Amino acid sequence: MPVTKMPDGLSEEITPGHPLIHLLQIKTKIFITDLMGFVRKLKHHPSALIGALLIIFFLVVAFFAPAVAPHDPFTGELSERLVAPSWLEGGSSQYVLGTDQQGRDLLSRIIYGARISLWVGFISVTISVLIGTLLGAAAGYFRGKLDIFLSRTADLLLAFPFLIFAVAVMSFLGPGLINLILALTFKGWVEFFRLVRGEMLSEKTKEYVEAAKANGQSNLRIILSEVLPNIIHTIIVLATLRMGFFIIMEASLSFLGLGIQPPDPAWGSMVNEGRQFMLNAWWLSTFPGAAILVLVLSINLFGEGLRDILDPRLKTE
Amino acid sequence: MLEIKNLAMAFETERGLVRAVNKVDLSVAEGEVMGIVGESGCGKSVTLLNILGLVPHPGKVLSGEIKFQGEDLLKKSKKEMRDIRGKDIAMIFQDPMTTLNPVFRIGEQIRESMRIHGLFKDVKGGIFKSARKHAEKDRAVELMKEVGIPSPETRYHNFPHEFSGGMQQRALIAIGLSCKPKLLLADEPTTALDVTIQAQILALMQKINQEHGAGIILVTHDLGVAAEFCHKIAVMYAGKIVEQGRTEQVMEDPHHPYTQGLLRSIPKISNRQDKIEPIPGGVPDLAELKEECAFYPRCGKAHDRCLSQEVPMFDAGEGHTVRCYLYG
Amino acid sequence: MKSIKILERLLAAIPIMIGVAVLVFLFVRLTPGDPVDLMMGSAGSVSQEEVQALQEEFNLDKPLHTQLYLFLKNVARGDLGDSFTQREPVTNIIAGALPATIELAFGAAFFAVLFAIPIGVYSAVKQNSITDRLSMAFSFLGISMPAFWFGIILIIVFGVKLGWLPISGRLDYGFNFPSVTGLYLIDTVLARDWPAFKNAVLHLILPSIALGMQLLAILARVTRSSMLEVLRQDYVTLARAKGLREFIVIVKHALRNALIPTITVLGIQIGVLLGGNMIIETVFAWPGLGRLAVDSIFSRDFPLIQGVVMIYAFTYVIANLIVDILYTYINPKITL
Chain A
986 MPVTKMPDGL SEEITPGHPL IHLLQIKTKI FITDLMGFVR KLKHHPSALI GALLIIFFLV
1046 VAFFAPAVAP HDPFTGELSE RLVAPSWLEG GSSQYVLGTD QQGRDLLSRI IYGARISLWV
1106 GFISVTISVL IGTLLGAAAG YFRGKLDIFL SRTADLLLAF PFLIFAVAVM SFLGPGLINL
1166 ILALTFKGWV EFFRLVRGEM LSEKTKEYVE AAKANGQSNL RIILSEVLPN IIHTIIVLAT
1226 LRMGFFIIME ASLSFLGLGI QPPDPAWGSM VNEGRQFMLN AWWLSTFPGA AILVLVLSIN
1286 LFGEGLRDIL DPRLKTE
Chain B
779 MLEIKNLAMA FETERGLVRA VNKVDLSVAE GEVMGIVGES GCGKSVTLLN ILGLVPHPGK
839 VLSGEIKFQG EDLLKKSKKE MRDIRGKDIA MIFQDPMTTL NPVFRIGEQI RESMRIHGLF
899 KDVKGGIFKS ARKHAEKDRA VELMKEVGIP SPETRYHNFP HEFSGGMQQR ALIAIGLSCK
959 PKLLLADEPT TALDVTIQAQ ILALMQKINQ EHGAGIILVT HDLGVAAEFC HKIAVMYAGK
1019 IVEQGRTEQV MEDPHHPYTQ GLLRSIPKIS NRQDKIEPIP GGVPDLAELK EECAFYPRCG
1079 KAHDRCLSQE VPMFDAGEGH TVRCYLYG
Chain C
53 MKSIKILERL LAAIPIMIGV AVLVFLFVRL TPGDPVDLMM GSAGSVSQEE VQALQEEFNL
113 DKPLHTQLYL FLKNVARGDL GDSFTQREPV TNIIAGALPA TIELAFGAAF FAVLFAIPIG
173 VYSAVKQNSI TDRLSMAFSF LGISMPAFWF GIILIIVFGV KLGWLPISGR LDYGFNFPSV
233 TGLYLIDTVL ARDWPAFKNA VLHLILPSIA LGMQLLAILA RVTRSSMLEV LRQDYVTLAR
293 AKGLREFIVI VKHALRNALI PTITVLGIQI GVLLGGNMII ETVFAWPGLG RLAVDSIFSR
353 DFPLIQGVVM IYAFTYVIAN LIVDILYTYI NPKITL
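Protein chains in written order, with this note's numbering: chain A, 986 to 1302; chain B, 779 to 1106; chain C, 53 to 388.
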């Protein structure tokens, strides 16, 4: 990815105004050209393409859930409890994947559940990236006490296995969407912190940073416009790959009853609810879990493809 | 002892057939040192690998024979080749740091060949075959002494990364010598080393040749190194031997323009006035070889005949051969 | 000297453990709401004396820093307080559950390593073959799969539909043998109680597979890629040039080197095993630390939660330390 660089004299002429807005304009232009080149390259990686298409599929389905879902996910006909999926005996075409113990259509619940998974996954990753990048850039660039403090905190947080930590946080905060996101980001930022800090440390020694400093650019400007664009593709790859992980974490927490609570159709809690019916209604646990699998799989496929495209040097083949 | 006749070998790649070895003839007599000289990518290393049948996939032998002591190696079974490797014919590679296995001790690595080839299999006695192990260890230490590794008894237990580059290469030579081979294949053994160490290693190899009577094929890109102690030199270019003969013949009376170019590009301390003249152009892509002389684009003395067909080897007298129309 | 370096590492781990304890402490104290109220909330009506007793027990009447000091002092002594719901010292409860978790973690690791290495090696040696592509696709699946779902699928298929394997607990009723280590596999062997041993193993199978699958997937990929690297190395060619059989070349020369990254990754993934424990133990009703954690959270048993979380973190730190130390023995190039 190109380094955003304008000869300083020129930029002075064009935008006497706010440097950051000018930055944004250039960045957007570069972003769009990169995007088009990226889409072209995507065609060469079939697995990444499949991943991308599936993700888009999920997004569309989730967005248009009210239109796509055949039934209301929250209300169920008790007379139609535990109906089998349509292709098994006892099933009906009205409820393609069967119904749960309250007569609610499984397919509809799964469709609505996509919203939760996508939403939680996206938000927690985004917040983690923002916090981690900010702190990592600051720590790597300015070093000193700030770096020591932040790194020690990161090490401390890393002493906990992810799920234990998230569970502990949830147990103290109580269940719910916001708390869930908090719990995930609380530990989630650490990985991005380390990544950005590491990259910052190595980029800092490179010549273009020296040159920028010699030009009199402010520290903030250097971080944002010089170093960050070079790091950003690594960040994006990691973010994509972690998103699948976060979604599984959310599902796990919901499964344990600590995340999204019923009657909200979170896939994890649906699997948990279905446990009691493993003997006679196996579909209740199976299909929501399969949905998680497919979503995470597509995100991972896409993420891997992304990594190959953005930095072929990282490929081990 | 070793006779390569008309060997042709290529790699099947997506870009087509890469002819790494293109109809090569070589012969090495007992106790003789043959040098194969050429730039990177000319196929000299691959020629060595072919002798031992170690060419990696997707390489394939297209034609020719490699006769070792009268038997064609290309026709041997896998087991027969395994018997020959390390015992009758041994090989030394270029970068000792990567050629020694980093997780095993030096002594163990030297002993390994002896163990597989049953050098001491008749030594009986001791629990867990300890008598045999002792014999192997003794010989390993002896070898280490011979190749000039200091304090061999202690060094025996070292790991490769605890050795300096020169010592590592000596260790590799020790491994090669462990089963008293008749032929030693050395693939650029000094390239990765400092110049002073280079000289030591070469002297060591000379000693081995003289004391053990082992034949050596030395592959190098450095004509000077080859001239130091080879009896015969073969110059290779783009998969073909372009000139071959005794060392004095090739060095003092080079016939092929490429050889002449190589000699001109070596800085010589003696002649003050010479500029170093590199040969213009670059090495051709082995995937794009055609019938004509591959050196044509860079040759100062080329003429139309060179483009017409495959250039045969011409005799320049007394075993000196050249692949060039200037002489035929 | 190596032993000094090991000691150094151990000592360096202590500040982390202290930090962990402090962090856990802060969690409890800073929870919105009065901790005692929260605990009371799940117990129904309680008398004034009990409230008072609890308050004293938790030193809630004292200033925060004093609480912290007392807390840390207790932890150093090994006193983690008493469980509210079980009226027993937390340390005892944890000690009872820990072996089960350790056994499960080992079971999962064993399963993962057992299959990952051959799969990884075979895929690398026969690169781009059908087997290679299939196993890599399969391992990709393994990484993307939620462990709890996989566990449930295993239960449905092998427990319910096929009825081959037991699906909950560590042991069926009716077995009795002296508990020496708490690890059933070892205790049953010591007691020569073979039916019990077999029963314990059967119970261990499904949970180990469920927990170990993700690890298997990761290890297989790492082994394959590091094996590919290694097979390209000169020392592998040299091994062949010595006349070694191909099998020996791969297993002795190549694998030894290729395993180094694999073991590194295994060490890193121990956290996954410890974390995933919770889920799998819940799914399979395995009486270990994980299930204890979940139960204690639902019953709002703060001392127990505290203790469990701390022990988890401690175990993780120590496990990492052990892996670091072991690593130096495996890779001769690395000194601590």
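Hints may contain errors.
Said to hold, decoys possible - Listed below are several chain C residues computed to face chain A (Cβ distance under 8 Å; list not exhaustive):
#, residue
1, G130
2, S196
3, L206
4, I208
Hints are computed from structural coordinates only; laboratory data are not their basis. In this text, all values refer to a predicted model and were calculated from it rather than measured experimentally. Each residue gets a CB set at the ideal place from its N, CA and C atoms; glycine is no exception.
Hint check: 8 Å Cβ-Cβ cutoff, C:I208 to chain A: holds (5 Å)
Interface hint outcome for C:L206 [beta carbon to chain A under 8 Å]: violated (11 Å)
Cut-off 8 Å, beta-carbon criterion: hint that C:S196 touches chain A: holds (4 Å)
Interface hint compliance - C:G130 to chain A, C-beta minimum distance less than 8 Å: violated (20 Å)
Hint check: violations occur at hints 1 and 3; the rest are consistent with the structure.
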